[in-house]
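Chemist: Could you put together the complete structure from these sequences and hints?
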Amino acid sequence: SQQGEEDPQALSIQEGENATMNCSYKTSINNLQWYRQNSGRGLVHLILIRSNEREKHSGRLRVTLDTSKKSSSLLITASRAADTASYFCAPYPIQGAQKLVFGQGTRLTINP
Amino acid sequence: DTEVTQTPKHLVMGMTNKKSLKCEQHMGHRAMYWYKQKAKKPPELMFVYSYEKLSINESVPSRFSPECPNSSLLNLHLHALQPEDSALYLCASSQEGRTEAFFGQGTRLTVV
Chain A
1 SQQGEEDPQA LSIQEGENAT MNCSYKTSIN NLQWYRQNSG RGLVHLILIR
51 SNEREKHSGR LRVTLDTSKK SSSLLITASR AADTASYFCA PYPIQGAQKL
101 VFGQGTRLTI NP
Chain B
1 DTEVTQTPKH LVMGMTNKKS LKCEQHMGHR AMYWYKQKAK KPPELMFVYS
51 YEKLSINESV PSRFSPECPN SSLLNLHLHA LQPEDSALYL CASSQEGRTE
101 AFFGQGTRLT VV
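Protein sequences appear in the order of chains A and B. My numbering puts the first residue of the first sequence at 1, with every later residue one more than the last. My numbering puts the first residue of the second sequence at 1, with every later residue one more than the last.
Hint data in this document are derived by calculation from the structure and do not stem from the laboratory. No residue lacks a Cβ here, since even glycine has one placed at the ideal position from N, Cα and C. One should not assume that every hint holds.
Label-pair restraints from in silico Cβ distances [unchecked claim]:
1. B:112 to A:17: 38 to 46 Å
2. B:108 to A:7: 40 to 48 Å
3. B:12 to A:66: 45 to 53 Å
4. A:56 to B:77: 36 to 44 Å
5. A:112 to B:67: 44 to 52 Å
Modeler: Here it is in structure tokens:
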């Protein structure tokens, strides 16, 4: 199937610590995207990494991609309470239906 | 204008009612999407419109009827819904040639 599988399903850390969440997928991808969703609100696009890229940074976010292992990771450094949210990865396929499909997500809680 | 606007924010409807959800974007995006999200679950794709034509229908029941009257507007017409259709309905759009999606804040639908 197209969607990614995020791991862990839930993560609770102290403010200031780093948070790492992982995504595994099965298809060949054009790119992989990460989104954040605060409780009960819309999703916000965080970062897109293309299949020919291995690492990408955006502010406190660092995303890696290993296409040989079909996996990606999202690292949030120096976490803040405002980072509390659900995080979803969305592998975008090279072939087949061009659509964004989301996995179960990682629920991140930052404790003050 | 870099927003996707959804109205209403909340909707309560009876099982015999007919209602519509509205989504609007003025970013010139030519692809628009409807997602349904149940509590503690990921968003599930329902429909994709590309250049105002329905391109993907994820086997959604006919009690949900999408409409794209123009490139800025996407509607979801609802009738004879069931209580299990209660969910957060999210609209999204994406730019031509790009895969990242911009999401609205959603409509929280309750069917009674």
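Chemist: Next step is simple, just say for each hint if it's right about the structure.
Modeler: Each hint, compared with the structure:
The hinted range of 38 to 46 Å is satisfied by residue 112 of chain B and residue 17 of chain A, whose Cβ atoms lie roughly 43 Å apart. One distance hint, 40 to 48 Å for the beta-carbon pair residue 108 of chain B and residue 7 of chain A, is violated here, with the actual separation near 29 Å. Checked against the hint of 45 to 53 Å, the pair residue 12 of chain B and residue 66 of chain A passes, with Cβ atoms roughly 46 Å apart. Distance hint for residue 56 of chain A and residue 77 of chain B: a CB-CB separation of about 40 Å, consistent with the stated range 36 to 44 Å.
Between residue 112 of chain A and residue 67 of chain B, the C-beta spacing of about 46 Å keeps the proposed range 44 to 52 Å intact.
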